[in-house]
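Enquirer: Chain A is fixed; fit chain B onto it per the hints.
Residues per chain, in single letters:
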Amino acid sequence: MNREYLFRRLAQLVPTVAAILLASFFLLHLAPGDPVLALAGENGDAAYYAAMRERFGLDRPLGSQLGTYVGNVLRGDLGNSYVQGRPVADLITERLPATLLLTGSALVISSLAGVAMGIFSARRSGRWPDFTMNAAALAVYAAPVFLVGQLAILLVALRTGWFPVQGMSSADSEASGARHALDVAHHLALPALTLASQETAVVSRLTRVGVVDELDRDYVRTARAKGVGERGVLYRHALRRPLLPVVTVLGGRAGHLLSGAVLVEVVFGWPGLGRLLVTAIQTRDAPVVLGIFLLVAIMVVVANFVTDLLYSWLDPRIRYA
Amino acid sequence: MIASRVLAAAVTGILLLAGCSDSPSPNGDEAAEPTSGGTLVVAIDSDPGTLNPAITTSGATHTASELMFNGLVSYTPGQEPQPELAESWDVEEDGALYRFHLRKGVTWHDGEPFTSGDVKFTFEELLFELHSRTKASVGAAIESITTPDEDTVEFRFREPYAPLLRQLDVTEAPILPEHVYGGVDPLENPANNEPVGTGPFKLQRYTPSAEVRLVANRDYFREGMPKLDKVVMRIIPEPANQVIALESGEVDWLFGVPGPDLERLQDSGKYDFLQTAVNPGGANCIMTVSFNLERPMFQDVRVRRALSTALDAQQFLDRVLFGQGKVATAPISSGIPVGHADNLDGMPVFDRAAAETLLDEAGWVRDGGGVRKAEGVEGVKDGTRLAFDFLHFPGFASYGQLLKAQLDAVGADVKLVPLEPPVFVETVFTSRKFDTNIISYCNGADPEIGVKRMYVSSNIGPIPFSNSSAYDNREVDRLFDEARATVDDDERMALYRTLQEQLVEDLPYFWLVETESTRVFTTKCQGFSGSGHFAETASCST
Numbered sequence: 001m002n003r004e005y006l007f008r009r010l011a012q013l014v015p016t017v018a019a020i021l022l023a024s025f026f027l028l029h030l031a032p033g034d035p036v037l038a039l040a041g042e043n044g045d046a047a048y049y050a051a052m053r054e055r056f057g058l059d060r061p062l063g064s065q066l067g068t069y070v071g072n073v074l075r076g077d078l079g080n081s082y083v084q085g086r087p088v089a090d091l092i093t094e095r096l097p098a099t100l101l102l103t104g105s106a107l108v109i110s111s112l113a114g115v116a117m118g119i120f121s122a123r124r125s126g127r128w129p130d131f132t133m134n135a136a137a138l139a140v141y142a143a144p145v146f147l148v149g150q151l152a153i154l155l156v157a158l159r160t161g162w163f164p165v166q167g168m169s170s171a172d173s174e175a176s177g178a179r180h181a182l183d184v185a186h187h188l189a190l191p192a193l194t195l196a197s198q199e200t201a202v203v204s205r206l207t208r209v210g211v212v213d214e215l216d217r218d219y220v221r222t223a224r225a226k227g228v229g230e231r232g233v234l235y236r237h238a239l240r241r242p243l244l245p246v247v248t249v250l251g252g253r254a255g256h257l258l259s260g261a262v263l264v265e266v267v268f269g270w271p272g273l274g275r276l277l278v279t280a281i282q283t284r285d286a287p288v289v290l291g292i293f294l295l296v297a298i299m300v301v302v303a304n305f306v307t308d309l310l311y312s313w314l315d316p317r318i319r320y321a
Numbered sequence: 001m002i003a004s005r006v007l008a009a010a011v012t013g014i015l016l017l018a019g020c021s022d023s024p025s026p027n028g029d030e031a032a033e034p035t036s037g038g039t040l041v042v043a044i045d046s047d048p049g050t051l052n053p054a055i056t057t058s059g060a061t062h063t064a065s066e067l068m069f070n071g072l073v074s075y076t077p078g079q080e081p082q083p084e085l086a087e088s089w090d091v092e093e094d095g096a097l098y099r100f101h102l103r104k105g106v107t108w109h110d111g112e113p114f115t116s117g118d119v120k121f122t123f124e125e126l127l128f129e130l131h132s133r134t135k136a137s138v139g140a141a142i143e144s145i146t147t148p149d150e151d152t153v154e155f156r157f158r159e160p161y162a163p164l165l166r167q168l169d170v171t172e173a174p175i176l177p178e179h180v181y182g183g184v185d186p187l188e189n190p191a192n193n194e195p196v197g198t199g200p201f202k203l204q205r206y207t208p209s210a211e212v213r214l215v216a217n218r219d220y221f222r223e224g225m226p227k228l229d230k231v232v233m234r235i236i237p238e239p240a241n242q243v244i245a246l247e248s249g250e251v252d253w254l255f256g257v258p259g260p261d262l263e264r265l266q267d268s269g270k271y272d273f274l275q276t277a278v279n280p281g282g283a284n285c286i287m288t289v290s291f292n293l294e295r296p297m298f299q300d301v302r303v304r305r306a307l308s309t310a311l312d313a314q315q316f317l318d319r320v321l322f323g324q325g326k327v328a329t330a331p332i333s334s335g336i337p338v339g340h341a342d343n344l345d346g347m348p349v350f351d352r353a354a355a356e357t358l359l360d361e362a363g364w365v366r367d368g369g370g371v372r373k374a375e376g377v378e379g380v381k382d383g384t385r386l387a388f389d390f391l392h393f394p395g396f397a398s399y400g401q402l403l404k405a406q407l408d409a410v411g412a413d414v415k416l417v418p419l420e421p422p423v424f425v426e427t428v429f430t431s432r433k434f435d436t437n438i439i440s441y442c443n444g445a446d447p448e449i450g451v452k453r454m455y456v457s458s459n460i461g462p463i464p465f466s467n468s469s470a471y472d473n474r475e476v477d478r479l480f481d482e483a484r485a486t487v488d489d490d491e492r493m494a495l496y497r498t499l500q501e502q503l504v505e506d507l508p509y510f511w512l513v514e515t516e517s518t519r520v521f522t523t524k525c526q527g528f529s530g531s532g533h534f535a536e537t538a539s540c541s542t
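Protein chains in written order, with the working numbering: chain A, 1 to 321; chain B, 1 to 542.
Isolated chain A (complex conformation) (with noise of 0.2 Å):
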């Protein structure tokens, strides 16, 4: 890979962000809908209104109030939410550790589970084992993430009583340290396995197939010959290339879960950027909902970037230029 077309995939994610942020700030503001009303509730009068759209530049042309913010963001400050009053950075390192906890924990346990799940699929191909867990895999990955999460609370948790239903921590628990973290894990558990289902089926879909293939391959048959033992036919050879679409997927899925964190969050209680983004949304709270756009398009777009990066690293026949 060369310099130059790494300054070029650089210098291609500034319009990329420019244009979503853009395009959110149109859509956002030609929605119907006024913020005021999530202040004024049901008794605001037209003083009342008048005051806070002109408190808030809402009553300013639309280029003109583009022209404000995009000035800010560039100088680094995203606003302030008008619902809350505080600023849009603050709201959202408040609550970028949950969400950054719930789906770094969600990517983790479904690239260990679905390369672990394919694998065992793939040594039984053809056979019993095999086609139950690519049924389940079907199952799980059709099924909404919020439908799962519903089904694990009153199947999982009710039933069982093993996990809490909402939040990140106990109500009653004041426990810091240790106890703090495994008070947390004790709530992280439910909703990331959650995330992590569809991912996991999708992961474990490609391992399956890509391992099924490379089992076939000459090379293999050679090395079986040879008298190398299953396991290390398996995880000296065939494994490593199916491994190269599972890594080229990882941009996407890094996206793929920050929106069904989104669901997730709710069903569970869980304080994160997706219920900030989802009561933002309902009361037209511009500033949050751009600011979490943002902040969103950043991740996705440098993930797809590193993953590029690291599909040539894995593989050196892939060369960029």
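I should point out that these hints are in silico values taken from the structure, not numbers from a laboratory. Just to be clear, a hint being listed does not mean it is correct.
Stated by the list, open to error - The calculated label-pair distances, taken between Cβ atoms and stated as ranges, are:
id: 1; chain 1: B; residue 1: Glu378; chain 2: A; residue 2: Ala51; range: 38 to 44 Å
id: 2; chain 1: A; residue 1: Ala89; chain 2: B; residue 2: Gln204; range: 22 to 28 Å
id: 3; chain 1: A; residue 1: Ile298; chain 2: B; residue 2: Glu143; range: 52 to 58 Å
id: 4; chain 1: A; residue 1: Glu174; chain 2: B; residue 2: Gln275; range: 33 to 39 Å
id: 5; chain 1: B; residue 1: Val184; chain 2: A; residue 2: Arg53; range: 40 to 46 Å
id: 6; chain 1: B; residue 1: Phe350; chain 2: A; residue 2: Ala89; range: 36 to 42 Å
id: 7; chain 1: A; residue 1: Leu62; chain 2: B; residue 2: Gln502; range: 43 to 49 Å
id: 8; chain 1: B; residue 1: Lys415; chain 2: A; residue 2: Pro144; range: 27 to 33 Å
For clarity, every value in this text was computed on a predicted model and none was experimentally measured. The beta carbon of each residue, even a glycine, is placed where N, CA and C say it ideally should be.
Expert: Leaving out everything else, chain B in the frame of chain A:
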């Protein structure tokens, strides 16, 4: 094999984590006798964002913060004002001057003394600027607020103003300290999330999107209160998940419960219930059908009366609200003693045959068994079908379905249009592109707060939740003005009765059902009230 081990290790690790920490113990097996102290865990449905109840009317903020503040007065269950931060008051000059004598020795959570200056500051700098209800009502009528001394505050109005004493509780007018909230832009004051009040509880910690933790204010001015040591408010957005959290023992109190779950919880015997007219969006709410009077179809009162008479309110109460409320019997809620009029002549009562006759008389005739068509209706082309849209919040879909079925039976074709609240508001109040709709109009504690806005002709326009039907009757406008300036309760009630007789005759709206919320709590906790200070007198056994 390694992969299988990795999978097994991952699952085991998670299960181990689950086993390591204390799992919540199921509750309600036995109803222990509540004692003083304890922690109450409450479910709230949205993140308050700010904990300053003086700068917003947001239900989320008020629910989460009112326990930390006080009003000048609070209300008895019969809605009569009783002393809170004000110990007593005099009403002079026919209601144009109110003089409040403040409670002595009250301190803020930071130890500073509470004075009349704080009251003047709160009204002038916060409530009249940013609390939409108080700004639109008291703020529009006030002439001046003066503080003759540290313990006295006087409100002078341009003309007699009757409803003041019903607009001074912690919901309508929470009092905040000037030394904390003064001199800073009130919308951006850091104290909005680290509030200082006089209320029974103090903030321990607010974790955005997760929880609000309160601890008892041991210097509270009411002797022996509060009894609880702590109140933890957990933010759980979905009503169904709130119920699950209650049943799994993670929370002790819900502000409301979906109808279908109510019966199950009642049957379980593990919970107690408190019925109240205070809903998250406001108090004394009536589900109200608006007829857009700008549409030719609805200009004949016989059509409005026919459609209202075709609606069986009792079915709405049973099937939609699962009994949580009552059938509305007047335009003003029965929760407002000074406004509600009983036994109004002409209030529509369900009678399908009468509805059919009225529609026939109005020129909407049946062609066979189907939808009615216009025949000689003024302003409507002959042959026009009796078809109209019905706009509602997605959460009110079950009202729409039942209404559609009931009106279908009298030959009206209703098209249901569910719209998210911001879009609903814009469509109904700004662009006015609708025929009928349903709105939960919350009447508040006084007709001046939440009733007048629906009817006065000056309130037809782009302001949300104003005069949705575009009703214009100058006599009604005059009666509202006269009632506002009449301090004597009996005289005021007489004016509101006359007014409601006129409304029932004109039927710009149909008042379907008064909604109530059912608070649900575990039997280990007792002593709650329905108001903003619901937990002031509560206690939980540990």
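Enquirer: Next, verify each hint and record whether it holds.
Expert: Hints, verified against the model:
Evaluation of the 38 to 44 Å hint for Glu378 of chain B and Ala51 of chain A yields a pass: the beta carbon distance comes to about 42 Å. Between Ala89 of chain A and Gln204 of chain B the beta carbons are some 25 Å apart, a value that agrees with the proposed interval 22 to 28 Å. Here the CB-CB span from Ile298 of chain A to Glu143 of chain B is close to 54 Å, well matched to the stated 52 to 58 Å. As the Cβ distance of Glu174 of chain A to Gln275 of chain B is approximately 34 Å, the hint placing it in 33 to 39 Å holds.
Between Val184 of chain B and Arg53 of chain A, the C-beta spacing of about 22 Å breaks the proposed range 40 to 46 Å. The hinted window of 36 to 42 Å between Phe350 of chain B and Ala89 of chain A is violated, with their beta carbons roughly 56 Å apart. At about 44 Å, the beta-carbon gap between Leu62 of chain A and Gln502 of chain B stays in the expected band of 43 to 49 Å. For Lys415 of chain B and Pro144 of chain A, the Cβ-Cβ distance of about 28 Å falls inside the hinted range of 27 to 33 Å, so the restraint holds.
Of the numbered hints stated above, those contradicted by the structure are hints 5 and 6, listed in ascending order.
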